[in-house]
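Peer 1: If you want the building blocks of each chain, they are given just below.
Protein chains: 2
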Amino acid sequence: MISLDRYRNLRNAAELEAALREIGAARYHNLHPFHRMLHGGRCTRGQVQAWALNRYYYQSRIPMKDAALMSRCEDRELRREWIHRIHDHDGYGEDEGGIERWLVLCEHLGLDRTYVVSEQGILPGTKFAVDAYVRFVREKTLLEAVASSLTELFAPQIHAERIPGLLQNYDFVSEEMVAYFRRRLTQAPRDAKFALEYCKRHADTPEKRYLVCAALWFKCDVLWAQLDALHHAYVLGGGIPPGCFVPEEMKAEAAA
Amino acid sequence: MISLDRYRNLRNAAELEAALREIGAARYHNLHPFHRMLHGGRCTRGQVQAWALNRYYYQSRIPMKDAALMSRCEDRELRREWIHRIHDHDGYGEDEGGIERWLVLCEHLGLDRTYVVSEQGILPGTKFAVDAYVRFVREKTLLEAVASSLTELFAPQIHAERIPGLLQNYDFVSEEMVAYFRRRLTQAPRDAKFALEYCKRHADTPEKRYLVCAALWFKCDVLWAQLDALHHAYVLGGGIPPGCFVPEEMKAEAAA
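Going line by line, the protein sequences match chains A and B.
Going by my numbering, the letters in the first sequence line up with residues 85 to 340, in that order.
Going by my numbering, the letters in the second sequence line up with residues 85 to 340, in that order.
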């Protein structure tokens, strides 16, 4: 298992990029057992619902995270670039945006839109992890805030697995339900390329390069912890916290 | 002189709106002696430069203030409305944005763009007031943050005075220099109307209506204090703080 300490003495931008890719290869949440289940067709409909519902909370906070970054950014050019991320999620003009596309996914999975948006059924573990991410971006340096978005370097890979994984393995998943992921196939690489170049250019000391690595590491933890919470409650039988979403198929169990 | 206390028992939205208009009529910075000088053609070129330079700092922080609001806003519809303000200032697509238009004004007044953007010549009093505004929006309730934008209710009036006031009274002011204000004549009323309706709808107790009034009051102080700092340093001979902008015409004086 790699440790963050090995990234304390990165000498240049090329070594930084190699380190970031190593962290992604070792710690990105495509490796999590829940994602392997999800993409491999081994989830129940209730588990897919629980995943979509909880992941909605993450989606809902992304524009707030991006606005938090912009609120601390004195560089107009960086703000003008970064604002695309808010458009992509909240929607702008003709585009209904990623959050709306995610809500469509939830509805097609049989979840009530009002219930999803109320956030009532979300696991506390999801909220804690996501809120920690928003707070990280609000409180750390701008460089670390930008670096924490670098998980997007690895997102196209997971979406490329997920689209056929969901479509082929679940008869309740249709083309319109994966619209969110198809769009991210083009959005994420553009954003990731910009953030990577920004970090390579601005992390001009070993200490800053270390902080960039630590930010990506932290963000991998944020994504991983969300899946841990799901896996625990909805797969391993760790128990669904009071008030959280209970899939139909687990209702008998929960009542027993 | 009115006091904030009279707004502690507002009974409904109509009384709130009347109170807000009363505060604007009594405390908006169109009443400040510096603005009367500026619009009346009684400023020197150096004083107009000092005004534009210092006001640049305010412009530069507006999108950060708006992003701070969005970073705390869980309501996607509100974010989708509010983002226009960031576009208006930072520019988006074909539109170069209000900050760029302000920089053009500064350049035509003979200020070096790099110097303006460096923020080196800005008065500390300007920075303290503007930074207080950004912090207010970051830390107070969302309702108060929205309410602090309500000075825009009174902006068209000041811009309508300012455009002819600058063009007719100063031979160094040309049409392209007032582009910023012309644009605000349409932007500000749209934004102000939205914010006013938001406050009337969401301030549903006397306490909240009071907080809305207090937020507008605070914001009037923010604008007023900026002009006080200018007036003190560049008109009343209170002294230009070390390192701050010194107009050509005051250089001999400053050296003496």
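Keep in mind the hints are simulated off the structure, nothing from the lab.
Careful: at least some of the hints might be erroneous.
[To be verified] Just a few of them, taken from the derived set where beta-carbon distance is under 10 Å, the chain B residues facing chain A:
{"hint": "1", "residue": "Glu99"}
{"hint": "2", "residue": "Cys157"}
{"hint": "3", "residue": "Val201"}
{"hint": "4", "residue": "Arg222"}
[What the hints assert, rightly or not] Label pairs and their calculated CB-CB ranges:
{"hint": "5", "chain 1": "A", "residue 1": "Thr289", "chain 2": "B", "residue 2": "Glu223", "range": "53 to 59 Å"}
{"hint": "6", "chain 1": "B", "residue 1": "Arg274", "chain 2": "A", "residue 2": "Leu269", "range": "50 to 56 Å"}
{"hint": "7", "chain 1": "A", "residue 1": "Leu88", "chain 2": "B", "residue 2": "Val201", "range": "33 to 39 Å"}
{"hint": "8", "chain 1": "B", "residue 1": "Gly327", "chain 2": "A", "residue 2": "Pro117", "range": "44 to 50 Å"}
It should be emphasised that the depicted structure is a prediction, and the values quoted were computed from it without experimental measurement.
Cβ atoms here follow ideal geometry from the backbone N, Cα and C, with glycine treated the same way.
Peer 1: Compare the structure with each hint and give your call.
Peer 2: Results for each hint:
Interface restraint check: B/Glu99 against chain A, minimum CB-CB distance 33 Å, threshold 10 Å, status violated. Given hint, B/Cys157 at the interface with chain A, holds; its Cβ is 7 Å from that chain's nearest Cβ, closer than 10 Å. The restraint placing B/Val201 at the interface with chain A holds, with a minimum CB-CB distance near 9 Å, inside the 10 Å limit. Proximity of B/Arg222 to chain A holds as hinted, the smallest CB-CB distance being about 7 Å (cut-off 10 Å).
Range check, A/Thr289 to B/Glu223: Cβ separation about 32 Å, and the 53 to 59 Å hint is violated. Restraint check, B/Arg274 to A/Leu269: a C-beta distance of roughly 36 Å breaks the suggested window 50 to 56 Å. Separation of A/Leu88 from B/Val201 is about 37 Å and conforms to the stated range, judged on CB atoms against 33 to 39 Å. Between B/Gly327 and A/Pro117 the CB atoms are about 60 Å apart, so this pair departs from the stated range of 44 to 50 Å.
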